[in-house]
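Asks: Listed below are the residues making up each chain.
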Amino acid sequence: MSNGFSRRDWFRAGALAAAAAPAAHATPTPGQRGGKRAFQIATNCEMCFWRCGVLAKVQDGKVTRIEGNPQHPLTQGRLCARGNAGQFTLYDPDRLKRPQLRVGERGEGRFRDISWEEALDWLAARLQELKQKYGPESVAFFPHGVASTFFATLMKAYGTPNSAEPAFAQCRGPREVGYALTFGRGLGSPEPLDLENARAIVLIGSHIGENVFTSQITQFAEGLARGAKLIVVDPRYSTAAAKADWWLPVRPGADIALLLAWMNVILSEGLEDKEYLARYATGLDELRNHVRPFTPEWASKETELPAALIRETARAMAAARPAVLIHPGRHVTWYGDDTQRARAMAILTALLGAYGRKGGILLPTSFPRGGFKLPPFPEPKRGRADGAGERYPLASEEQGVTNGLVEATLTGEPYPIKGWIVYGQNVLESIPQRDRTLAAIRQLDLMVVVDILPVEQTLYADLVLPEATYLERYDAPHIVETAARPFLAVRQPAVPPLHDSRPGWWIAKELAKRLGLEAWFPWRNPDEHLSKIIEPLGIRLAELKARGAVAFEGRPYIELRKPEDGPLFPTESGKIELYSKTLKELGYDPLPVYRPVADPPPGWLRLLYGRAPMHSFARTENNALLNGLMEENAVWINDETARAFGLRDGDRVVLENQDGQKSLPAPVRTTPGIRKDCAYMVHGFGQQAPGLRKANGRGASDTGLITRVAVDPLMGGTGMRVNFVRPLPPDGMES
Amino acid sequence: MARYAMVTDLTKCVGCQACTAACNSEWDVPPGYARTRVLPTGAVGSFPNLRSAFYVAQCNHCDDPPCVKPCPSGATFQGADGIVKIDKDLCIGCGFCVQACPYEARYLNPATEKVDKCDFCAGRLERGLQPACVTTCTAHAKYFGDLEDPSSEVYQLVYGKGASRIESDEVKVGPNVYYLGSKGEPELVAQTFPPRQPRMPSAGQWWERALKPLALLMVGTTFLGQAIAFFTQLRKGEPQFDD
Chain U
1 MSNGFSRRDW FRAGALAAAA APAAHATPTP GQRGGKRAFQ IATNCEMCFW RCGVLAKVQD
61 GKVTRIEGNP QHPLTQGRLC ARGNAGQFTL YDPDRLKRPQ LRVGERGEGR FRDISWEEAL
121 DWLAARLQEL KQKYGPESVA FFPHGVASTF FATLMKAYGT PNSAEPAFAQ CRGPREVGYA
181 LTFGRGLGSP EPLDLENARA IVLIGSHIGE NVFTSQITQF AEGLARGAKL IVVDPRYSTA
241 AAKADWWLPV RPGADIALLL AWMNVILSEG LEDKEYLARY ATGLDELRNH VRPFTPEWAS
301 KETELPAALI RETARAMAAA RPAVLIHPGR HVTWYGDDTQ RARAMAILTA LLGAYGRKGG
361 ILLPTSFPRG GFKLPPFPEP KRGRADGAGE RYPLASEEQG VTNGLVEATL TGEPYPIKGW
421 IVYGQNVLES IPQRDRTLAA IRQLDLMVVV DILPVEQTLY ADLVLPEATY LERYDAPHIV
481 ETAARPFLAV RQPAVPPLHD SRPGWWIAKE LAKRLGLEAW FPWRNPDEHL SKIIEPLGIR
541 LAELKARGAV AFEGRPYIEL RKPEDGPLFP TESGKIELYS KTLKELGYDP LPVYRPVADP
601 PPGWLRLLYG RAPMHSFART ENNALLNGLM EENAVWINDE TARAFGLRDG DRVVLENQDG
661 QKSLPAPVRT TPGIRKDCAY MVHGFGQQAP GLRKANGRGA SDTGLITRVA VDPLMGGTGM
721 RVNFVRPLPP DGMES
Chain D
736 MARYAMVTDL TKCVGCQACT AACNSEWDVP PGYARTRVLP TGAVGSFPNL RSAFYVAQCN
796 HCDDPPCVKP CPSGATFQGA DGIVKIDKDL CIGCGFCVQA CPYEARYLNP ATEKVDKCDF
856 CAGRLERGLQ PACVTTCTAH AKYFGDLEDP SSEVYQLVYG KGASRIESDE VKVGPNVYYL
916 GSKGEPELVA QTFPPRQPRM PSAGQWWERA LKPLALLMVG TTFLGQAIAF FTQLRKGEPQ
976 FDD
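If you read the protein sequences in the order shown, they are chains U and D.
Reading the first sequence from the start, the letters are residues 1 to 735 in the numbering used here.
Reading the second sequence from the start, the letters are residues 736 to 978 in the numbering used here.
Since the hints were derived computationally from the structure, they do not count as laboratory data.
Be aware that one or more of the hints could be misleading.
[Stated by the list, open to error] Here are the simulated lysine to any residue pairs, SDA-like style, with alpha carbons at most 20 Å apart:
| hint | chain 1 | residue 1 | chain 2 | residue 2 |
| --- | --- | --- | --- | --- |
| 1 | U | K229 | D | T746 |
| 2 | U | K229 | D | G916 |
| 3 | D | K896 | U | R226 |
| 4 | D | K804 | D | W941 |
| 5 | U | K57 | D | K896 |
| 6 | U | K301 | D | F782 |
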């Protein structure tokens, strides 16, 4: 900084200093903000889906600062980088500002500004047309998260069963299905994990630290500080691996082999929680027989980990039981056998007696809620088009299979899909095989995007509706039953919507009015909606809005349960199903079976991807503060591999995948902290959206390189770690 | 009088940069700059026997701060509580303190053309709040308090748990930011990011960045003053003497 400092600059600095001195007292110093028109609003964050409690400080009508809300029961005042940077998304100059109707070709990005009146009338007319011509099932809905509640109601009332969010088939789906098969219920979000009380924590591909959910980090760090042993299974030396007592750089795809060997050690050495299993589990004998051949020596060949290390870590877990937290992971769609891997993790948890126990997985606690009595939704004439419940027998019919809807749109089977409404998700970044998604979009009669920013998918929309950010709108309350203390938290605006943006609830309600569906929106305003929900909670609306959240007594451990909590294990047998009859009847492996995954051919690397703590998906790269913390991603390559490719740290490369797909250039980070057969990058970069002036074209996109997927036959999830890449010099550069 | 200090537990820290973001937001730090930074050491060693840690870097409010002496305008000073502050009204943006700091904790803010750095959130302390980085830290890895108060957390961590400072044999200026770690993280950080020798301004730099501009400014101000006086008088007219 001191180098490029010219005399002129200096003089200007001096002169400015002299000129600015008297005025400085009139302007409030940063950090000492206050004044007459200052107040703060308690709400919850939407920079990611963890929805930490925040206090938005408003001065002279502007959000100047966001801090954690100490009264929030889960996050207790802590807030990550993204949460601290929320106002930079609110005031992002690149935001979508008014409704736009496409005038050019799809993808060209030529639009004309229209009024909300015109936009909503136009959309309602298109939706009525599609309903008459093809039936309401021909419209598919792609939502994400709590904020989409009102749109979800609208789409159900309209009559389509076709709704799918990437949170299932591109993220948590296999885990939800695997744990539900075993314990009778999935895990949900936020995950019910007793990290702070664990005496051993096992992370299998979970990169806590780089993947930041505030309270999970707090509890993880607290658990470690209290002396929990940490076992990290990851091909990459992650932040968590650096904190681990044992790092197991597993051969990618061999996790099930490792899990089976761990079970083998625990069962063959009699280290399992016998009392717990006798009382709560079925299928132990079948499991014992099943894992007998899978010794650490056998697994060592598959995992490329020393057998002694596998034994040692299994014993460490057993020594800590039942306070063993085997983290179920979050983004777990890797190799197509993901539900079975989740099953193996659930079974291991059960062997250690760690489900419903202190330091393990917490049991959820319900609390009463009110609500409006809505008319029944119309029964769709045709079933789901995405294969949920049919082709993918265990897929969630609530969350759906996004890739199933893409497929149905492309093929017209089982029936034509003619319209997409995308709300709060980014289909080109979240669903793999972009070319297929784009081809599907090009076939549509109607493509509508409701978004905050001009992300790439908006270029393909017929109608773009600018939504207000989370700091400018009400949403349905965040209801969490999976925390040690269940709670309800409010989302309320700190400032009115900027530009000509509108909150999602308003858009849905206005559309409902035009479609004759207002019976499903029987409230006049969000306050009325919220008041009804909190009626049985014994808290006044004003108090709730001042505090931001209300928490209740939780009963997360088995010994605390009451009859009203229902069965401990709501499976068919009422017990933990180590052996799954459900899977057997469907024709799948009733106990997890390891099947090797193909290794990359020589000269190729397996593409791995993950998260950075200062970004969420492809959502925050254009945020000025966060962009300042990380403006592009790097490609991690093992230092020896890099040498073989003739690459040095910081060299810019293009990645090419097995199908000839190329990324945008990104710098290489050479490190001993990754296996020689892998390349790693942070997801969310390499966006191709000229309207995002900070994010556009920066870094490499993993999604763009994921042209192949291994579909999980149980639930339709897209395993995405089956793509191979090699680094090339960027076009036009000498190698 | 207090002696303020910060302790960061590097075993807890996950390098999430919540501290940097909170600080940037609290103090309007321009994108790409920071008063507190998180620097990864990267993986050190050979696969699979590796170590790594995060260096949470900020002003150390040193007992013997090398940034104070080279400041030509007296803008940088140390209070009785040990906090090294910058009087923004006096700062001429010469950057001598930036190059003097062994911890690279200072930056020249391009928006204000003044030097800026961590002041332990002095503005928040006055309001009875903790520094922004401490309250937001997702891992509860940061502790702030008075080292002269035996009941304070920082006192316990420094004198009871042996939190250490980032120093080298060459540079010992009494930093008041301490680091804890059960896996040798502070040592790894100190090896990777050793403090550098304070660089004092040369005679040439003094002329170019301090004396000459100051002289020009004074000349300019003199002319400006003359001009203002002239035009003021022109507007008011010649004073009348009625004797």
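Asks: Now, for every hint given, state plainly whether the structure supports it.
Replies: Hint-by-hint comparison with the structure:
no., hint, result
1, U/K229 / D/T746, "holds, 13 Å"
2, U/K229 / D/G916, "holds, 15 Å"
3, D/K896 / U/R226, "holds, 15 Å"
4, D/K804 / D/W941, "holds, 13 Å"
5, U/K57 / D/K896, "violated, 37 Å"
6, U/K301 / D/F782, "holds, 18 Å"
In this structure, the one hint that does not hold is number 5.
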